[in-house]
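Novice: Now for the letters of each chain:
Protein chains: 2
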Amino acid sequence: MSFSEHVEQLALEKAKIMYSFMGDEVPTLFNRKKWKGKIIGWAIQDQDFRARLLRFVDVLPTLKTDSAVYKLFQEYFSDVDAIPPELRIAVDRLSRRTDLDRVVPTILKRALDSLAAQFIAGRTVADALSTLHAFRTQGLAASLDIVGEEVLSDDEAGHYVNRYLEVMNVLGPAARSWQDMPLLDADDRGPIPRLDVSLKVTSFYSQLDPVDWDGSILSTSKNLAPIFRAAQEQGVSVTIDMEQYYLKDVTIEIFKALLLDHPDFEYPGIVLQTYLPETAADFTHLAEWARKHDRRFGVRLVKGAYWDYETVVNPRKGWPIPVFLEKEKTDLHYEQLTKVVLDNIDIIRPAFASHNVRSLSYAMAVAEDAGLPKNALEFQMIYGMAEPVRKAVQKMGYRVRAYIPTGELIPGMAFLIRRLLENTFSESFLKRSFFDNTGIELVHSPQLDESFVQPPASVGFMNEPVTDFSRAQNRSAMYDALATVEENLGNNYPLIIQDREIFTDETTLSINPARPEQLVGRVSRANRDQAREAVDSAREAFVAWKKTSPQERADYLFRAAAEMRKRRFKLAALEILEVGKTWKDADGDIAEAIDYLEYYGREMIRLGQATMPGAYPGEENLYFYEPLGVGLVISPWNFPIAIPTGMVSAALVTGNTVIFKPSGLSSVCGWHLAEIFKTVGLPPGVLQFVPGPGSETGEYLVSHPEVDFVSFTGSREVGLHIVSVAGKTEPHQKGVKRVIAETGGKNAIIVDETADLDEAVRGVLDSALEYQGQKCSACSRVIVVDSVYEDFALRLQRSMNSLRIGPTDKPWNFFGPVVDQISAQKIQKYIETGIKEGNALLAKPGPENGFFIGPHLFADLPLHSSLVREEIFGPVLVLLRAPTLESALCMANDSRYALTGGVFSRSPQNIQKVIADFDVGNLYVNRKITGALVGRQPFGGFRMSGIGYKAGGPNYLIQFMHDRSVSENTLRKGFAPSL
Amino acid sequence: MSFSEHVEQLALEKAKIMYSFMGDEVPTLFNRKKWKGKIIGWAIQDQDFRARLLRFVDVLPTLKTDSAVYKLFQEYFSDVDAIPPELRIAVDRLSRRTDLDRVVPTILKRALDSLAAQFIAGRTVADALSTLHAFRTQGLAASLDIVGEEVLSDDEAGHYVNRYLEVMNVLGPAARSWQDMPLLDADDRGPIPRLDVSLKVTSFYSQLDPVDWDGSILSTSKNLAPIFRAAQEQGVSVTIDMEQYYLKDVTIEIFKALLLDHPDFEYPGIVLQTYLPETAADFTHLAEWARKHDRRFGVRLVKGAYWDYETVVNPRKGWPIPVFLEKEKTDLHYEQLTKVVLDNIDIIRPAFASHNVRSLSYAMAVAEDAGLPKNALEFQMIYGMAEPVRKAVQKMGYRVRAYIPTGELIPGMAFLIRRLLENTFSESFLKRSFFDNTGIELVHSPQLDESFVQPPASVGFMNEPVTDFSRAQNRSAMYDALATVEENLGNNYPLIIQDREIFTDETTLSINPARPEQLVGRVSRANRDQAREAVDSAREAFVAWKKTSPQERADYLFRAAAEMRKRRFKLAALEILEVGKTWKDADGDIAEAIDYLEYYGREMIRLGQATMPGAYPGEENLYFYEPLGVGLVISPWNFPIAIPTGMVSAALVTGNTVIFKPSGLSSVCGWHLAEIFKTVGLPPGVLQFVPGPGSETGEYLVSHPEVDFVSFTGSREVGLHIVSVAGKTEPHQKGVKRVIAETGGKNAIIVDETADLDEAVRGVLDSALEYQGQKCSACSRVIVVDSVYEDFALRLQRSMNSLRIGPTDKPWNFFGPVVDQISAQKIQKYIETGIKEGNALLAKPGPENGFFIGPHLFADLPLHSSLVREEIFGPVLVLLRAPTLESALCMANDSRYALTGGVFSRSPQNIQKVIADFDVGNLYVNRKITGALVGRQPFGGFRMSGIGYKAGGPNYLIQFMHDRSVSENTLRKGFAPSL
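Heads up: the protein sequence lines correspond to chains A and B, in order.
FYI, UniProt numbering numbers position 181 of the first sequence as 181, with every residue one higher than the one before it.
FYI, UniProt numbering numbers position 260 of the second sequence as 260, with every residue one higher than the one before it.
Treat the hints as calculated values from the structure; they're not laboratory data.
There could be a bad hint or two in this list.
[Unchecked claim] Simulated coverage check for chain A against chain B, where a stretch passes if three residues somewhere in it have a Cβ under 8 Å from a Cβ of chain B:
| id | segment |
| --- | --- |
| 1 | 312 to 324 |
| 2 | 411 to 421 |
| 3 | 921 to 929 |
[What the hints assert, rightly or not] Derived DEER-like restraints, expressed as beta-carbon distance ranges:
| id | chain 1 | residue 1 | chain 2 | residue 2 | range |
| --- | --- | --- | --- | --- | --- |
| 4 | B | 292 | A | 978 | 43 to 53 Å |
| 5 | B | 88 | A | 610 | 25 to 35 Å |
| 6 | B | 65 | A | 730 | 43 to 53 Å |
| 7 | B | 462 | A | 730 | 40 to 50 Å |
| 8 | A | 610 | B | 162 | 41 to 51 Å |
| 9 | A | 503 | B | 99 | 52 to 62 Å |
Ideal Cβ placement from N, Cα and C applies to all residues, glycine included.
With these hints in hand, go ahead and build the complete structure from the sequences.
Specialist: Here it is, written out as structure tokens:
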């Protein structure tokens, strides 16, 4: 009999024994005689109800008043299509009561408490102690986890450290005083700690991000050191939980760093997720590392709890899904790794965490086959779930450890939701066993159904994925690019007119705002004569370019996109040095530039098809677009590649010829863009690169009668000036100039009482401070509803305070300089006003050298303050307090701008209200308000924020064209060909 | 045996006899051993080839040079998909020759001559005489028709009269000298004329149009009188041909009038078409009339030759198709009318015109059954067709008359094309007999296949049909409406602000430009205070109106459309009196207004649906539109209902509130529009009616900071002024004003050497002179290629000169006053310049009273003349000569305007070139350049002709809105509901 046949046989035997021990017992959550079981049952049967339930449970603990609970309950459930009959009866019965607004909240909160108690050990250390004690009397070991909010600041990370220390310092000694229980307190090699704590690395460093690989490892392991020391002192084992895939590699590195830092600590452990194909290699790597360093550690083998998250977040970024899509593959991988883990038992303390009888019995079988005693391994299960399974394993004489979180309900919610997801997942073992009542036939070797359909490959436009800096090769590519670009700084860049490169005597110096002494480049400046030449050249080239087919024009864009992909890291590196973007912001800018090229190319192919309105015999109508003529593109420095790429490519692909005048602050980036178009063979004269001062070159070009349109992105003042200049039509001008302008914003985010503050603080922080607030979409006002104002303000202030400031070529600096001295001075003035007029919750200085201004948060400002009303374009955030959502909306709308806005809320009604009434071009719900993606969130505002239709949207290109109608009478001598 | 059984039996016997006489003979056109038969065969088998062939034959005689023939031949046939193999061989053989450019034209012209000779008796009267003589020797009688160009002027009609007189005065005496042939020269009642002439009423009066019912009858019958007199003198019979259905009723009336005018003329005849269901009633009517007046006349019963035309033109106008769609129904109707005609033989001289053996034998059978001698009836067939059938009928002893046209090839082309259509029509008897080789089984009683599929009812937007003034009830409805409106002239009209009617002391007097002493109405004038109030009211109403659903807003438009339909004639009558439109122009304006309401309503429902860009898990994106705010609509007087309806309804339906300032010259019309919206319940404040002087009220409103957009149609000067005012943004203004403007045009039509001059002259005339040229789309330059310049100029000049001028409430005046004294003076100045600078081919004065300026045509003007360059907005047309199409295009494009343009050409390449290179918003091919239809020819220009996307097109409404994006992150605690 082969190994596998033998193990299969053994596993089946074990399973039979387990089933016999389980008998008819049903886990609490599947007991349909009880309400919890009923609700789980409904959620299993109805996806819509499941979603509502999860969302309602998520927000419920946050709600502070009965009326809020009652209102939200109605919002979530009053329009349910199909309420289960049993629930309907209960609701009907209830609805006869007149005090519903009191009764319903009471019932709901009681239900929530009961649900929480099912999974969470209690709020305090004392609660936890009594839970652990109760476990012990049931013969159960425990791993304690402290649930936590998302750690957004150093303070919050510190708080976490303290709570873990408290747990260990209180429970460690307590555990030592417990009576000895051999099965729990020792394995085959001797005594083991009586208590295990599980922790997540993200709780210990708010700036943890693999983009800053070394810094993340260093800071996190440094912050975790006291816990490891305490664990060692108190005889507690520590298991590092595994979270999202994005953090997997860095988590493993942190784990390794911790082991090296704590050479004498014997009981470290790590979790490995078998839904990741990569885990097999990770284990091999860890095992080799352990052998090399002569260390032994625990492995908790799990299936993985972030499946929903991974399948949502990765495709959203355009990244591959890192998890098995098929549950059976995960199960099979679990068995394969079970064998591998047990094969390495010399360096591993194995723990198998599962509720799946097959997975458990398979582990027992492999261990038995390997001649291991029962106490050489342990099984781990989540407290509150799968009780019959847990008891059966215990009865079989194995050590079972319950995984149990302790802490408050709000921070525990993520854990709770994961459990509800798990229990209501249609393929889960528990659901199939105890809801579908499938018996031992579930227990078989995992079968791969190869017919499983992969999601179809998408066609058409797809956003260019941002770079995954959790991958080492991407980080080193960026380091290499930075080095290369830095070596080549200080070059001279010419104008490009027709096919000539013109080096002028007068030049603009572009410098690194983080190191003003570093010259990025010396860029030629066009005078009036050269500007006129550029117009003539564009006019001349227009004749042929207009007649180039839309497909052919689009092909230039696609080739430019391909070229940008090749130069991706170098372009990003240049942005980092020229305008002070962070790695991720710079990378995102290139991805967006590629998006514009790919999107507008496809859009032009779509719009290039004439339509045939009406279907009447004897009449052939055509409706199609033609270019406007010669366009002037004036682009800003803050998205130094993406924005000009969008503006230039839109103007070009629609058949116009273009004079491109980039901002002087990013004109080296601008030159590279022009050069890319040259590289891909754009005919001479179709695109001229004409940098120069706005007051001279810009003004001249805007008023030139042969310029047919101006596409501008920049400040409101300049935008309005262009509009008024363009509004004057010269006597001999052929047409009225069209102006397409994206200007400023004074964008607000509203945070209501139902908001998830973890998300809200992070969202506001990113919106306000990414790229130092120098985005037209940036949040500069956050309007918080009274009841959550204080909490929010504190967390936000701490979070802002935790940002690392410095030159952004170092990936550990998430916050860089502002773009130049003038900007810095302007922002500084606002800060001074803020300090005078309001209350500076945070006023953080930046480094001395470079144009650094740290993050600032102001509260209690009068509504007429310039900080509340004017666009600052820097890292200055205004916090406003509103009594209600309505008043928050009023404040939010009280602006001349209408660009972006946001709301953090979990009230469906509030969300609808904000969508309807918040006058902004781009509204974001429960996410940051920056980072609009081409094709998905067409971007642009109205009022003083812009003129025209949204960039990256279906109407954008139309603006660069006029429409034409042709109607042919096909009737000749009474005869018309049929249609 | 019943009548029908007996007749069926008899008919079958006759048919058998005919078939036996026919033997194996094949008509020339179906003789596939000869090239004519081959070509007909290919055309039958290949619809594409058929269309190319017909079009090429149509243009061929017009071409003056070999190179033109060769070029056109290539254009039509070089890209044929499937050339018949036999032709391919011929072509291949030919293509080896090096002198193709000479050989091909020679072959083609020879072929055309041969084809023409097949059908046409010759060019001159002498030719005709010899043909008739030849016929007589073959025992054939004849009906002679003089082919003609479309008659576009009194001169051309006069020319026609002369040619008919010449024919009769030459051929009449000649015929009398012929030897007697009893079968041909007498019927059962005695001698009959030896010659018949056929004629079309349209050839005798260029202004023939049923809208001017009495005038058309009077003038046409007056013009025909000399012919009837000559016929009587020369012993010639006259048959009035039947043309398009639209002219049927008036033709019958003209026929009756002629009979009354010529009481002693014994041989009038008329054609009746059995493809018209109405013909049965027409015959009954005619028969009763004849009995009452004791007259006898000939009836030529035909199937009908305008089937293709009727099935194209009527649906294009939204009118019902007046002909049977199924050929079998036409055949059955023919038999039914055969019986009826023969039943009335006491007052009818019956002639059965058909090539269908069944139809012919059925007529023989009915006659025989009725005991009529063979010579009591006659059969008529077209010369050159169905020779075996004709001979068989002759052999059976019946009188056969050949219908034969005489004249030039170009004017004969319409006749020739009808014959080719007939011979290649898949259901034609001849084609089925001689191409499909179906035998006597074709001869059966016509069967109606009830399963014949009717064209599906159209869904969605359909243009409102214009009124068919050939119908008596429509003419009297218009007369009634004019009377009613005229009785109620001179009222006072208030402003409408919010829901208040405000009568001001100062008023604008609106007068009838045709009778300046006639006061149409006294309209209140808003001052600044009232204008401000209107803005406030609109701003207030905006809040609720914005939130009204798109469907609900659209419903107001649909109700307004219904209301307009009810008031249709009264509104048109008002336009006639207030601004001097003709009946048809006024009627078309109301139809267009209804179109805007129906189209924009549907468009808003379409655009009101949010779209969901991108499909990514965990992300819900919405993209939708919202109104801009308060809009100012400034409308012109020249389309006094349609244009303001379009502008107002577009602004309203998109959710904006509107201040509507109509032109002072059409403010009574404007008031009615506002009143209609009030009637259908538009909430107060959503639409304000605020007439007033542009320099004061208009200026104030345009610069008001609370006005978000201006929608303007009018002159370029005012448009540019509005753009420049709107371009200045006030310090406290919320947004940049959007301006949507339709301004002027200096529109050109190009006529190339391949143009069909009948169509070109008519198209240019209508484009230039409809509504006295007071349309922004009107043609004011016609650029004619050298080789056709003289012909074209002469015909155009004569055609323009034939227009009847006078007050347009009289439907016989196709040309009315210009709108006011100022306009008249301005136009007069251009005329004076024209006389100085160029050559006035026509300078026709108008009546003294009223603001009349007759049509003017100028040639030989220098290109820099103001007449060539400036918009005149009156009945002044400039004729330009161009050596080539390329230079014509250059001239056409040499304008600051780019609104409409046209080309008359039958060269596919030239048409493509003009489409590609003629810079106009609306280009029309082979039709007039005015009268764009909503939804079919979206309307608007660029350069100095307008700002924005086309009215009545898919992008128009978008201009009144901005777009919004909402992006919701639906991921909560790692869970997102599936999409």
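Novice: Decide, hint by hint, whether the structure agrees.
Specialist: Hints, one by one, checked against the model:
A stretch counts as covered by a chain when three or more of its residues have a beta carbon under 8 Å from one of that chain; for the segment 312 to 324 of chain A and chain B the count is 4, and the coverage holds. Using a Cβ-Cβ cut-off of 8 Å, 5 residues of the segment 411 to 421 of chain A lie near chain B, which meets the minimum of three, so the contact claim holds. Interface restraint, the segment 921 to 929 of chain A with chain B: holds (7 residues with C-beta to C-beta distance below 8 Å; minimum three). Evaluation of the 43 to 53 Å hint for residue 292 of chain B and residue 978 of chain A yields a pass: the beta carbon distance comes to about 45 Å.
At about 32 Å, the CB distance of residue 88 of chain B to residue 610 of chain A agrees with the hint of 25 to 35 Å. Distance hint check: the CB atoms of residue 65 of chain B and residue 730 of chain A are about 45 Å apart, consistent with the given range 43 to 53 Å. For residue 462 of chain B and residue 730 of chain A, the Cβ-Cβ distance of about 44 Å falls inside the hinted range of 40 to 50 Å, so the restraint holds. Taken as a hint, the range 41 to 51 Å holds for the pair residue 610 of chain A and residue 162 of chain B, whose Cβ atoms sit roughly 49 Å apart.
Taking the beta carbon of each, residue 503 of chain A and residue 99 of chain B are about 60 Å apart, inside 52 to 62 Å as hinted.
In summary, this structure violates none of the numbered hints.
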